[in-house]
Every structure is written in structure tokens, then in C-alpha cells.
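Spelled out from the first residue to the last, the chains are:
There are 4 protein chains.
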Amino acid sequence: MKVAVLGASGYGSAELIRLLENHPHVEIEALISSSQEGEGLMNVYPHLSHINRTLEKWDVEQLSSRVDAVFFAAPAGVSSQLLPEVVERGLIAIDLAGDFRLTPEEYRVWYGKEPAMNSWISKAVYGLSEWNREEIKTARLLTNPGCYATATLLGLLPLAKAGAIAKGPLIIDGKSGVSGAGRGLQTNRLFSEVEGNLFPYKVAEHQHTPEIEHYLERMGGASHVVTFTPQIVPMSRGILATIYAPVEAGWTTHQLREAVATTYHEHPFIRLCERGRWPRTKDVTGSNFCDLQVKVDERTGMIITAVAIDNLMKGAAGQAVQNLNIIMGWQETMGLKMLPLYP
Amino acid sequence: MKVAVLGASGYGSAELIRLLENHPHVEIEALISSSQEGEGLMNVYPHLSHINRTLEKWDVEQLSSRVDAVFFAAPAGVSSQLLPEVVERGLIAIDLAGDFRLTPEEYRVWYGKEPAMNSWISKAVYGLSEWNREEIKTARLLTNPGCYATATLLGLLPLAKAGAIAKGPLIIDGKSGVSGAGRGLQTNRLFSEVEGNLFPYKVAEHQHTPEIEHYLERMGGASHVVTFTPQIVPMSRGILATIYAPVEAGWTTHQLREAVATTYHEHPFIRLCERGRWPRTKDVTGSNFCDLQVKVDERTGMIITAVAIDNLMKGAAGQAVQNLNIIMGWQETMGLKMLPLYP
Amino acid sequence: MKVAVLGASGYGSAELIRLLENHPHVEIEALISSSQEGEGLMNVYPHLSHINRTLEKWDVEQLSSRVDAVFFAAPAGVSSQLLPEVVERGLIAIDLAGDFRLTPEEYRVWYGKEPAMNSWISKAVYGLSEWNREEIKTARLLTNPGCYATATLLGLLPLAKAGAIAKGPLIIDGKSGVSGAGRGLQTNRLFSEVEGNLFPYKVAEHQHTPEIEHYLERMGGASHVVTFTPQIVPMSRGILATIYAPVEAGWTTHQLREAVATTYHEHPFIRLCERGRWPRTKDVTGSNFCDLQVKVDERTGMIITAVAIDNLMKGAAGQAVQNLNIIMGWQETMGLKMLPLYP
Amino acid sequence: MKVAVLGASGYGSAELIRLLENHPHVEIEALISSSQEGEGLMNVYPHLSHINRTLEKWDVEQLSSRVDAVFFAAPAGVSSQLLPEVVERGLIAIDLAGDFRLTPEEYRVWYGKEPAMNSWISKAVYGLSEWNREEIKTARLLTNPGCYATATLLGLLPLAKAGAIAKGPLIIDGKSGVSGAGRGLQTNRLFSEVEGNLFPYKVAEHQHTPEIEHYLERMGGASHVVTFTPQIVPMSRGILATIYAPVEAGWTTHQLREAVATTYHEHPFIRLCERGRWPRTKDVTGSNFCDLQVKVDERTGMIITAVAIDNLMKGAAGQAVQNLNIIMGWQETMGLKMLPLYP
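Residue numbers (full-length UniProt numbering), protein chains in the order written: chain W, 1 to 343; chain H, 1 to 343; chain L, 1 to 343; chain X, 1 to 343.
For reference, chain W alone in the conformation it holds in the complex:
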């Protein structure tokens, strides 16, 4: 199967290249970049200096005869423009941006941009692999979940489904490595500014908030507003979502762990930590694993659940490949069996 990757100068694309180059059934046919068209890949990414390839410009006509699928790994607002004609030509489109995850109204409010056409948004299948497999199998337009949304939903959905979350404040304290902010040049992403630094941003304004609420309701049957604070942590990769919710009467730590364990019993990428051990971002670095733990704070009646993923893997490129595997009917772990890089 031949594929193209659009947005090839970003970190999401670099990670897609890492995965697809070693995928037994996929061949990268084209790398597309509007900002660095004509540039050699090795100049954009010296770690790929042995790959002799040039970034191309976008040409959907010509592309549709060369590839079967396109990964969109560009900033928000690009795929809403370019993706529909890809699907119209019969290709599979996998979008790593947020252009097809929300209703047009939500998108306008939270992204502050013009949304895609609603008819296309309604065609999009949400690619939270473990929770939407049946729909994904037949998707032509797959919208890959946001990194924070992936971590949060994987942690919350088993609890919501089980009916363990009571009414009351639902708090998500998110922490992300700085690669999540992309490769764009900004002072507050310079090494000297990020090293030794930890800070919130977009407090109660992050665009993954409505995504979490939306799919928590759709997939978990639970209607909640969530208070979400994302924070930048001085590391390159990794997301840790620490989630707080009031527990429904009668639920114990043991029962919550059982609910999670049962839910993910046959899902190879989800690892429930042993009791007493908590997820660590480094335990999943470079892999598609999602580590999680849950506990009831009996003193306060709150559920605390923590979820760790690699933001570029399960939070982006890894899950995108996992979804391609599902669409194609391949083994879900194909090309994704690498163990975490440690240390």
C-alpha cells in the first residue's frame, strides 16, 4: 500500500515516517510540505539522512494516481481545505489535526477558525481505536483524536461506562512534553526557556476540551463539562493526564480497577499498572502503549486516574497507524510492536 504524508516538516510527520518506513505493508510514496517544498528530507530532518527523498508540493490530481491513502499532519485549518477532495477521489484520508472532530460551531469557538463543511465533518469517523473499532473498519475519512483527548478518554471511558462517575466537577490536569506544541519557532519553546520550566497555558481554553466532552458523551454515555488545564513540562515527549472525578457511591478502588481491566482485556496497547504503581511517561516513550492507574481517595470521595501516553505515538502517529491497520483489516499491532525506549 502506498501512502502520502502531508505536513512533512512537523514532528507528527517525522514520527509517521519512523513508523511507516518499518511497516511491512506500507510504502511512503510522497512527502508533502507546503513550507519546505523542494527541500531534501535530510535537510529538514538530519536523523533521516540516509533516506534520499525530496519534499513535494500538494497536487491532489497527480497524487491520487500514486497513493491509496494520505496522512494529514498539518496545523489546524489545512485539512479542512485539502482533505475532502482526497476522499472524493476514493483515497483513504487520516487526519491528525482537529478539523473534523467537532461540530462547526464548536470548532469556530475553540479553534477560532472557519470550520470544514458540516457534510464532511459528519462523514468523519473518530479514531479512538479501542472504542470505535467497528466504525473505523469502514472509514474513508478518519479523524485521529487529539493527544490530550486520547489520554483522557482512555482513562475516563471505562469509568463512565461503568457508571462510576457521580455528578460534580470533572477535572483534567494535563501535562505535555513540548513536542506537542510543534516545531514552529516561538521564544517559549527555546531550550533555555523550557529547561527547568513548567507552566500552564490555554487554561480552560484548550481546544481538546470540547472534544473530550463530545466523545465522553457519545462513547461513554456520560454528559459532563470538564475543567481542563494543559501544562508544558520540560521534556520532549509524553503526556500525563491526571483526572479527578467524584465517585458514585459504593465503588472501591478494586472495583474500578476491575472495570478498567475488563474493558481493556483484549487491547494490546493498554496496560493497567499493578496496584500501587502509577503511570510514568518514560515507560511508554517511543511506543504505542497507554499506561493507566485508578484509585478512589476514600477520604474525599474522589476518583483519581492517571494516564500516560507518548503524545507523538498513541497521541498522534501511532494511533493513526493503528487506525490504518484496522481499516485495512491488518493485525492491529502491525508496525507498532516496538518496545518503549528506556532510558
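Everything labelled a hint here was simulated from the structure, so no lab data went into it. Just to be clear, a hint being listed does not mean it is correct.
Which copy? The list can't say, so a pair holds if one copy fits it or any two copies do.
Said to hold, decoys possible - Below are the EDC-like pairs computed for lysine to aspartate or glutamate, each with C-alpha atoms no more than 20 Å apart in a straight line:
1) Lys123 / Glu88
2) Lys2 / Glu56
3) Lys202 / Glu298
4) Lys202 / Glu274
5) Lys337 / Glu21
With chain W's structure known, arrange chains H, L and X on it following the hints.
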């Protein structure tokens, strides 16, 4: 004024030495270490190689004739044994550990050790400088607040006092640089294990939890149970506490900011960030500043407040020196005027 | 093929497990650890929590019926004791320590320990894969090169062979991430001590010095004493060797680059950087690549060559697996095709 | 004394502000920035949010009535234009850039820019404080040494003066934290690119090379060409220069250490490490100290000397203030007594 520092091989002591060496009114007379008695300071701390001094053993008799005050910067359980006889001999004792912050029952539960005698605990003055100045002025046994407790209380107390916190879950998501865990040898503090890593520990079991509840009630007049999750962040210094609480009806972000600004108007170490800007740990590194911000998430009815301090400064040694200044009637900022080290 | 890994609690073994778990022809049959026998792997390495396996004690008798090869990834002094009986039983032994790389006299001087028996040392084949392939093919006792030695020899040998190095000082300035120092508990490997820190150690006393001299002569036909200064850098992985040598009259940068390019033309793991670009450790992280560059400083008549490898990959576990591939007659890159993890 | 700082949005200026704000005899009257004129300091540097001050544009006329001295902390090429008129108006000018350190010919070659007028260059006094104190005392135009040059010259000059360096290759392997590269926006300074990364740049082409050669001859009486390789290290601050030179016959480690110790006997910022201990960048972080060590590798006849400074302190702002102190006849350590920040 001559002082002694006990626990001289730890990070808290190293920071005390940094401050006291440049304090205009204080002279370090003795550095005491049970584990490294007889060792040269430069071997324990090569960054102090120009200071020719040897670590001494504990000898309260002899010490009482040499110094006027003793800083206890040893692990929990040491000062409960050694500190009373220091005070009995008429010296000032400033304890950076938690031995005198809680009731004996609380201490037994949360620290898992034998507490100090209650008669001594009741003599101790809690050294949250901005909130307890009058009592501190006459203290002989000062118990310096825990690092997480300092950040949390400085953020919560103005809101609690103002009556802005409604009933409901009070969540503290704490993040700390690894120096907070001390200099002891553990695998999970090695560079290769911490770099690129972020993880919770002592979830709902951290010993600063009762300290926060205790003094939030005592000083803020507000009785709450708190759900507290501490987390290790891959940086040496810094604490960020992100705090979530339901807002009392009618309070706006503007009003909360006013309440905070008014409270700290004359306190030189507390900096309320401009609206829209959030605290960053690196903005306070090496200084005694505490940066904070507060906001109401109107969608969810939650207050979000974030507080950044340097755990070794305002969270330990810096506040200890601030308290000594208050006790001695010196200018509160004496020896503490250094600006943050940036970058 | 079934293999055992000894020294299973160290970083070298963790990396071997990462590689061997995904190697198409190899199965890990036993993980052996003297210090943590009986411990579950997931307790030693939580990033491998999905692998249900227990560390075993050393039992050569029983092992010889279960496996075909043993990787020794223990500290110096262990394999000299345990390895010979493995080979005697007909197994393949691959030693990642330095016990079989030097003459007994050299070993005694530079390692300060009792050497292995000379008869065994003389049987050992030096596993610098690109330079010793023919001998490696038939090895039963393979001694894997040291991390600094690998980087240095890969950079120097093409120049030495070409006769481009004149008489005079040969300087190796080595820099290594801290994982190279292992997982043992020492104060100067704690995160708070290593972060923001860079320092030399074992100056002119590092045990890879004689290894470099020894094999530079044996494989490059060039007899030089080398001045070697290793330095710890605040990162987990990666070695950069910056090498200085007087250039033989007449050689230009272009010619040196040609010599290197020709030498490594058919070696897939060696990447000569484009002119003007210099190796960066992060460009090889997690991969078996070796990036290098060379230049003549015309002003001073010195060759400057820089070589980057991942110390745990091409500098240890990666090269060990590469050598196993050569011994077994498999494709040299088998199980080693992963691209670098970036960022 | 009132001073102005030009280039106020860079790291060098931030460090000057840190120092000058706490200097007992100096008051900052103006912060000047061409790129961010009119901006509040707190927006440029949130860590200084308690300082209410606005960046000004350059206006020499008006400035000369307000201040007595100007620190130039702008990129190369600015002070050559602006500084002369400052001196002509009778102010003291301290230049942290390289515009007045080299001959016009050298500058043109190594900086690739138009040099300052030679008449002004010849008026400039080189501010290597420990080696040029007498000239500095009467300087009106002081050119502060480059960061690498400071480290290198402080290490080499005592050996050169003593006659201990033989003819032959003189190698400087320099390593710097990334703050040395400034606050400008470049992809290769982003956190995700620098973390875990170590790489050479400007190999044999760095502009501090002629500065080292120039002043090694002028102050040390030794004419050498030097081979210099700078490298970026994943840390914010700190320089380590590892220097290799052939030893003149008869010199031992002990004698070299004596030569260094004697030279710097009365210089409070220079610390010769105890025998066996090597300089570490973190031991000087935030301070004006320079730590050094020297050794003869008897096997190879090479001197190895290593020097650590904080690039923003002794390598820039710290030495600039030290020089102001000397010019003004104040105590050399005034405002510079802070101990290193550790950890």
C-alpha cells in the same frame, strides 16, 4: 548573629548555606551532619570548594555556647528528637522538616513515625510568613511549612478568606522538581530515569495533605478535605500547584484577582501575574518569589489557581530565612533580594 | 534461536531486551540477574510491564540445555569468571563488558582487577562489526567493543588505513550521556546533580584508552598513543567523540571524506554527513547508526573528526545484535532497522 | 552610578539586570532595545515581572545626560556603530560583543562583517580581569572577552607564562550550554531539538579562535595556532573548555598545579580544584567563579586542562561587572559574591 545548620549534606542545607553566606547579619558557625561528620564541605558540595569548613557532629551542649539559632534541615524524625533541647537552652530553632506541623495523631498516620511530644508541638509557630507574621515575631520554635503546603496555602488562603470557595471537591495537582525528594540514593532519582519522565507518587497519601487542611482551616477559616496528587517533573527545582475549587456564586475572575492583589499588596515576595499570564516555575528559580494567577472557568463554575515557587527557596530555605528575619525584627527581604536565575 | 541475557537489571540488558523481543529469529529464553534473582521483570523495568517474566539465577548447567547463546551484560569482572564454561558447553557467548578485549597485563593496569585467563582472551574475537566481519563469522566468544572505542575506531580507522594521520598527538575528547555509567546508585548520577552539569572523569585513565590503541594498531596498522578525556553530558543516551590528529602532508578535507565514504560504502549503519553538517547525538538515538564527519583545519594542520553513536545501541546492545546476525549468517541489519527516535 | 544596558531583550542583558539590580553602587537608569522598544520589561522577561520598566530606543544624546556608563549586550555589529559616540561623550562603554577585540582584518575574516574603525579598536582595553587589571583601571572603552576565550585563556595563560607548553598542536574542545547562542529563534535551539542532543558547530571556524590566539600571545607571550571545536550541550548555562597541549620537558602535574595556584593566589573568582577533582559546570552556575584543573598525561606527554565557567557570568555579564568594579576602584567582588545555585 551566629547560627548552625543541621543536616548539612542535603539540598535544603546547601540552599541555606547559599543564603546565609550572603546574609548581612548572619554568620554560619557550624555545619552539622550525622552521616558525614568529619567530612570537608567541599567534598560534599564541590560547588562550595572555596569554603574551608568541616561538617561536625551534633553536640547540643557545646553548640549552645556558640550559636544563637539552629536550622534543622534533616529528614522527618530527627528534629522531633533533637530540637526540644535546643529551645530549652534558649536558642531559636527553625525546623524545615514536618515534625512540628501536625497533631501527634495526624503525624502518626501520615508520616508513619513516632511524633514529637505534644507539648512541644503546641509551642511551634507555623512559619507561613505572609500569613502568620505576628506569631512568628515571638517564635522560639518555628516550624517552616512544607513546599507543597506553601504553594497551596499561598494560593488558596486569599480565596478562602474572601469566601469565594464553595463547598465541593478541592483538588490540588502538585508538580515538583526532583530536588524536593532530597539527595538520597534511589533508582528513580537517577538522571536516566527522571529525564523525559513525569509521574505521580504518594497519590492521596502525601504528608502535606493534612498540613494543607489544617492550616487552611486555622488561617483561612475554611474547612475542606483536599484531594492532593504530587508528581515528579524532570527538572531540579520548582513547584507548580494547580488548584481547582468550585466557585461561590457571583465571583468573577476580576473579583478573585482583586482579592488576591489586596491580600498581598504589601508582601514583596508575592507576585500576582498580569491577567492572561500564568506562573512558570523558571520565573522564580533561585529566588524567594511566589508567582500566582487565578481564573474562574465560567463554563464549569470552577476556580483554577496556579502557584509557582522554588521548592528550595520559598518552599524551604528562603522562607526559613524570611522567618528568621521576622523573628529578629530585620527587614523581611534581607539576604533574599536576589532575582531569579534566568535562563 | 533461544538466548539468555545476563545482567538483566542494567541498561545494556534493557536495550538487548528491546532489540531481541522484536528480532524475527531470536527468542529470549532466560533473563539472569545475580542481584535481583526472583524479581519480576516489570518491577525492575516498569516500561516492560506487559512482559510476564522473572529474573533467574545463574546456572550454566541448566542453561546450556535451554539456550544457544548468552549475552553477558554485567559489570567488568563477571564474564571473566562465568563466560568460559558457556563456550566450553558449545554455546555462543557475546560479552558486552571489557574482560576479553585486552591482554591480561593491560587489563590489570586499566581495570584494576584480575584478568581472565590468557588462553580465553586469545580466543576472543573483537566485534567491531564493520572492521572484523570475517573473524566474527566464526566467533564463539565475541567481545563487543566499548562504547567510546566503537565511536573512536569507526572514525579513526579509515583515516589510519589511508595513511592520512601523521605522527604527533592523537586526542580523543569523548562525551557521553549518563546511561553509559550504568544504573548503579551514586550521588553524581542523580538527576539534580547531572542536570545542567558537564564534567570530565577518569581523565587520561579511562579503560577504553588501551582498547583504542590496541585495535587501532591491529586493524588500522597505525601505532599511536592516544590522549583520551571522557566527559559526562546531561543527557541519557549518546556518545560524541571529537578526535584531533595531525594530518599527513597533502591530504585535504575532500580526500579524507572520500576515504571515509569509500570505506563505509556498503555498510548500512555508517552515515557520512554531508559536507558542512556535523554529527549530532540525537540523530542516532535509539538506532544502530553511526554518524560521522571529517575536516582538515588548514590553518593548523589538524584533522578534526567527530563521530556520534547511541552508546546503548551501536555502542553496546545494537552492535551485539549486529554481531549475532553476522555469526548466524543472517542479514546484518536484522532486528536493527528502526529509525532514530526524533525528537 | 547610573548605567544603561543596550540589547535588553537578550540573555546577556537579563543577566546584567540580575547583577546590577543588586549592586550596591549601581542603578539601572535605562534599558534599551531596538527590536522591542516600548515593550514592558515584564513582557520580555516575566521573571522580572515585579520591575516596572519600559524598554527604550537608542538616543545617545539624551542618554549621555542620564547615565555614566553603557553596557552593550547586542549582537556583533551593533556596538561598532553605536559605541564610539558614547565614549566621545565621556561615558564609560563596556562591550560584551566582539566588535573591538580583533584587528579589523581578523574581524572581517572571522565575523564576516565590517569592522569598527581601527582607531577605536586600538583604544579598547581587553577585559580579562585577572590578566589585565592595570589597563582596565583606566579604560573608557572596555571590550569584554568572549565566553570561550575567557575559559580558554584563564586555563592556558598560567601555563604559557610559565613556559610549560611545548611547540605542537594546541587543541581546545569547547562545550557550551545553549544560552550562549542567544535568544534568537532558530529550529536547532528549540527544546525538542536540543534535549538529548550534543553537536559541534562552526568547527575550526568560530570567531573566538583568533581572539584566543591574539591574547595568548599578547598576555602569555606565547605564539600558537589553536584548533578549536565548539559544541552545544543540552543545558542552559555553562562552558567547559577541555584543552590539550604538548608539555615542555620536565614539567609534572604537581608543578603545573603550582604554577596555576601561584598565579591565581589572590584572585577570588578562580578556584583550582583539589587534585583528582575536575571542574563541573554546575559548580559555577549563577556565580562568577572559574573552576579549573590541570594534569600531565605522562603516557602521551600532553597537558590536559579543563576550565568551567558560567557563560553568562564569568563568560559575559559577571566579568563585565567585575570590570566595572575595577574601573571604578570598587572592591572587585562587589555585587558578585553570590554562591553558585546548586542543584
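Results of checking the hints against the structure:
no.	hint	result
1	Lys123 / Glu88	within (12 Å within a copy, 66 Å between copies)
2	Lys2 / Glu56	within (15 Å within a copy, 45 Å between copies)
3	Lys202 / Glu298	between (32 Å within a copy, 14 Å between copies)
4	Lys202 / Glu274	between (33 Å within a copy, 15 Å between copies)
5	Lys337 / Glu21	both (14 Å within a copy, 9 Å between copies)
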